[in-house]
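Q: Here's the letter readout for the chains.
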Amino acid sequence: MNAPVPAFSTDASAGTSVVRVTTAAPCARLSLRARGELGPLEAALGLDLPRRIGARAEVGETEVLCLGPDEWMLRGPEAVAPTIRAACDEVYKTHPMSLVDVSGREVTFVIEGTSAAELLTLGCPRDIDRLAVGEGRRTVFDGATVVLWRDATDRFRMDVWHSFAPHVFDLLATGCRELAAEAA
Amino acid sequence: MLLIHCPYCDETLPEAEFTYAGQAHVVRAQDPSSQDDGQWEDFLFMRENARGPHYERWRHFHGCGRFFNAVRDTVSDKFLTTYKAGDARPDLSSLLEGQE
Ligand SMILES: [Zn+2]
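Chains as they are written, first to last, in our numbering: chain A, 1 to 184; chain B, 1001 to 1100.
There could be a bad hint or two in this list.
Heads up, incomplete: computed chain A residues facing chain B, CB under 8 angstroms, no partners named [stated by the list, open to error]:
hint	residue
1	I53
2	E63
3	L67
4	G68
5	P69
6	P125
7	R126
8	R138
9	T139
10	V140
11	T145
Beta-carbon label-pair distances, calculated as ranges [stated by the list, open to error]:
hint	chain 1	residue 1	chain 2	residue 2	range
12	A	R85	B	D1031	35 to 43 angstroms
13	B	T1074	A	S17	47 to 55 angstroms
14	B	L1003	A	R52	39 to 47 angstroms
15	A	A24	B	Q1099	46 to 54 angstroms
Keep in mind the hints are simulated off the structure, nothing from the lab. Note that the Cβ used here is the ideal one computed from N, Cα and C, for glycine as well.
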């Protein structure tokens, strides 16, 4: 791409009747890395950390996605971050781990509509149909690492780092138009 | 596209999620200061240039992020197996038998 990258608006949206892409409201995102005995950590957080990569768990408004053998992404309303941090600080005294607030690192695009899964095939080499509803995965979208959450057959969330967001969004917007043209 | 099995995710996934990371089982000396220049040269620079099955490292970069090991045939580009980092080097003859 030789064109100048336009300033990225935080409320960017695009779409047609078959698929729509919107930018989600800011939320708290915490990256957790921990190994060994996870029991005390789970007790402090008040949730079960899923052990299978791609599995999710939910407690109240806090969601957890297992991204790797010792890695989880926690997200929820902005108000939960201090609570999570305080809970982990307590466990940290006896069980070293890493908890990093990455709320400001990325944006989330909500992709929904009957052609949502098809739109993702534009940049994601994975078989989207094999990503079960209620699960999530870290994967790649046109060269950028993204985290995909599948909330329903026709609804996904995609977490994208800020620096990749304008490119990923533009590609999704182009895809929306292509799919609409096909449907017409 | 090449499909690669990640032993951590336990899924067979497109190559675009992975990066190659060089020869596997290159072990750093337990006592580095005992090594002479020739031994350091071997450790740092000398690599196999296999024509056929090659033990190599891969990383599930756009995924779980883990490094793991694989045996790949450099002629056919077929993966004979993948296994977790730290697991014992699988025996080649049994891998080749499994292919037939
Ligand atoms: Zn993996």
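Q: Mind checking the hinted window 39 to 47 angstroms against the Cβ distance between L1003 (chain B) and R52 (chain A)?
A: Because 20 angstroms falls outside the window, the suggested range is violated.
Q: Does R138 (chain A) pass the interface hint, meaning its C-beta sits closer than 8 angstroms to a C-beta of chain B?
A: 6 angstroms, holds
Q: Have a go at the R126 (chain A) hint: is there a Cβ in chain B nearer than 8 angstroms to its own Cβ?
A: At 6 angstroms from the nearest chain B Cβ, R126 (chain A) passes the 8 angstroms test, so the hint holds.
Q: Does the closest beta carbon of chain B sit nearer than 8 angstroms to the beta carbon of T139 (chain A)?
A: Status holds, d = 6 angstroms.
Q: Take the shortest C-beta to C-beta distance between E63 (chain A) and chain B; is it under 8 angstroms?
A: It is violated, given that the least Cβ distance between E63 (chain A) and chain B is near 19 angstroms, above 8 angstroms.
Q: Has the hinted range 46 to 54 angstroms been met by the Cβ atoms of A24 (chain A) and Q1099 (chain B)?
A: 47 angstroms, holds
Q: Double-check G68 (chain A) for me: the hint is only fine if its C-beta lies closer than 8 angstroms to a C-beta in chain B.
A: Interface hint status for G68 (chain A): holds (4 angstroms vs cutoff 8 angstroms).
Q: P125 (chain A) was flagged as interface toward chain B. Is the shortest Cβ-Cβ separation under 8 angstroms?
A: Hint on P125 (chain A): holds, closest Cβ of chain B at ~4 angstroms, below 8 angstroms.
Q: Just to be careful: measuring from the Cβ of L67 (chain A) to every Cβ in chain B, is the smallest value less than 8 angstroms?
A: 7 angstroms, holds
Q: Can I53 (chain A) be said to touch chain B, with a Cβ gap under 8 angstroms?
A: 5 angstroms, holds
Q: Tell me if P69 (chain A) is really an interface residue toward chain B, meaning its C-beta lies closer than 8 angstroms to one of theirs.
A: 5 angstroms, holds
Q: Taking the Cβ atom of R85 (chain A) and the Cβ atom of D1031 (chain B), is their distance within the range 35 to 43 angstroms?
A: 42 angstroms, holds
Going down the numbered hints, you'll see the structure goes against 2, 14, while the others check out.
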